[in-house]
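Engineer: Build out the structure end to end from the sequences listed, making use of the hints.
Residue numbers 1 to 179, in the working numbering, belong to the letters of the sequence shown in order.
Derived from the structure by calculation, the hints contain no laboratory data. It cannot be assumed that every hint is accurate.
To be verified - The calculated label-pair distances, taken between Cβ atoms and stated as ranges, are:
no., residue 1, residue 2, range
1, Thr133, Thr111, 11 to 21 Å
2, Gly124, Val156, 11 to 21 Å
3, Ser45, Trp89, 15 to 25 Å
4, Pro151, Ala74, 26 to 36 Å
5, Gly75, Met121, 31 to 41 Å
Stated by the list, open to error - Think about it this way: if two alpha-carbon atoms lie no more than 25 Å apart in a straight line, the pair counts; the simulated SDA-like pairs of lysine to any residue are:
no., residue 1, residue 2
6, Lys144, Ala10
7, Lys82, Gly140
8, Lys118, Ala168
9, Lys118, Thr85
10, Lys118, Val156
11, Lys82, Ala139
12, Lys144, Gly98
13, Lys144, Asn123
14, Lys118, Trp89
15, Lys118, Leu158
16, Lys144, Ala100
17, Lys82, Pro119
18, Lys144, Thr105
19, Lys118, Lys178
20, Lys82, Leu44
21, Lys118, Pro151
22, Lys82, Tyr126
23, Lys144, Asp157
24, Lys178, Lys144
25, Lys118, Pro163
26, Lys82, Gly106
27, Lys144, Ile21
28, Lys144, Gly75
29, Lys178, Pro151
30, Lys82, Gln153
31, Lys118, Thr43
32, Lys118, Thr18
33, Lys144, Leu125
34, Lys144, Thr103
35, Lys178, Ala168
36, Lys82, Thr18
Ideal placement from N, C-alpha and C gives every residue a C-beta, glycine not left out.
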Amino acid sequence: IYSGAEARVAGALVGSATAPITVYGDISKYVSDGAQSLSLSLTLSGASPYYLYVGALRPISAVKFYMGATVNAAGGSTIAAKYWTAGAWTAVSSPSDGTAVLTQTGTFSFTSTVGLAKPSMINGLYLYWYQFTLTGITAGTSVKYLTVSYPMQPLVDLWDGVPRALPAFVIYNATTTKY
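Structural biologist: Structure, rendered in structure tokens:
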């Protein structure tokens with residue numbers, strides 16, 4: 001399946017660095033509007049580092065940061081990205097920061113995580129999660145919204161966590177060729 005260069009973010013959280021993650025804010029509804037119609041944004045405040053968690057419906061290869069009015073002005077800032085691998089965070093391979101550490105709108109890309117990333121439940125959302133560690137970023141830096149890039153990949157099915165009754169089932173007997 002290929003959904004193009006940019007797709008909606010399924011979840012976005014600001015939280016602590018270690019599991020279990022303490023979620024400081026669920027910003028999903030503020031940063032996932034690809035139509036650019038929301039005026040709300042993620043504004044980083046307090047002491048750095050910041051931990052931004054981006055959730056996607058399938059494994060990804062990039063996150064695009066659309067910057068708000070205030071961009072990062074601090075020298076020596078860094079962005080590091082990791083993905084969840086069913087028990088631990090693993091650093092992405094070949095990261096490339098097209099945002100110049102959040103000084104401009106751009107894409108943070110990396111080698112595809114298809115076949116590597118595993119879904120996890122964080123803050124009630126069962127998604128493929130990516131942890132971005134933002135270090136030395138200027139307080140007040142704002143991100144208008146985020147999008148993700150899904151590389152070509154096989155279909156995956158994420159259960160939404162809602163139990164559903166099975167409406168019917170049949171059993172086929174190969175010997176009698178009857179259901």
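Engineer: Compare the distance between the alpha carbons of Lys144 and Ala10 with 25 Å, and conclude whether the hinted pair is satisfied.
Structural biologist: 16 Å, holds
Engineer: CA of Lys82 to CA of Gln153, is that 25 Å or under?
Structural biologist: 20 Å, holds
Engineer: Take a look at whether the Cβ-Cβ distance between Ser45 and Trp89 falls inside 15 to 25 Å.
Structural biologist: For Ser45 and Trp89 the Cβ distance comes to about 24 Å; the hint holds.
Engineer: Run the distance test for Lys178 versus Lys144: straight-line Cα separation, threshold 25 Å.
Structural biologist: This hinted pair is violated, its Cα atoms lying about 59 Å apart.
Engineer: Hey, Lys118 versus Pro163, does the alpha-carbon distance stay inside 25 Å?
Structural biologist: 21 Å, holds
Engineer: Sort out whether Thr18 lies within 25 Å of Lys82, counting only the CA atoms.
Structural biologist: Given that 25 Å is the threshold and the Cα spacing comes to 12 Å, the pair holds.
Engineer: Lys118 and Val156: Cα distance at most 25 Å?
Structural biologist: Holds, at roughly 11 Å.
Engineer: Could you grab the alpha-carbon distance between Lys82 and Pro119 and see if it respects the 25 Å cut-off?
Structural biologist: 13 Å, holds
Engineer: Taking 25 Å as the top limit, are the C-alpha atoms of Lys118 and Leu158 close enough?
Structural biologist: Status holds; Cα separation ~11 Å.
Engineer: For a C-alpha distance cap of 25 Å, please report whether Lys144 and Gly75 respect it.
Structural biologist: 22 Å, holds
Engineer: Need the status of pair Lys118, Lys178: alpha-carbon distance at most 25 Å?
Structural biologist: 39 Å, violated
Engineer: Taking the beta carbons of Pro151 and Ala74, is their distance inside 26 to 36 Å?
Structural biologist: 32 Å, holds
The structure shown violates the earlier hints numbered 8, 19, 23, 24, 29, 31.
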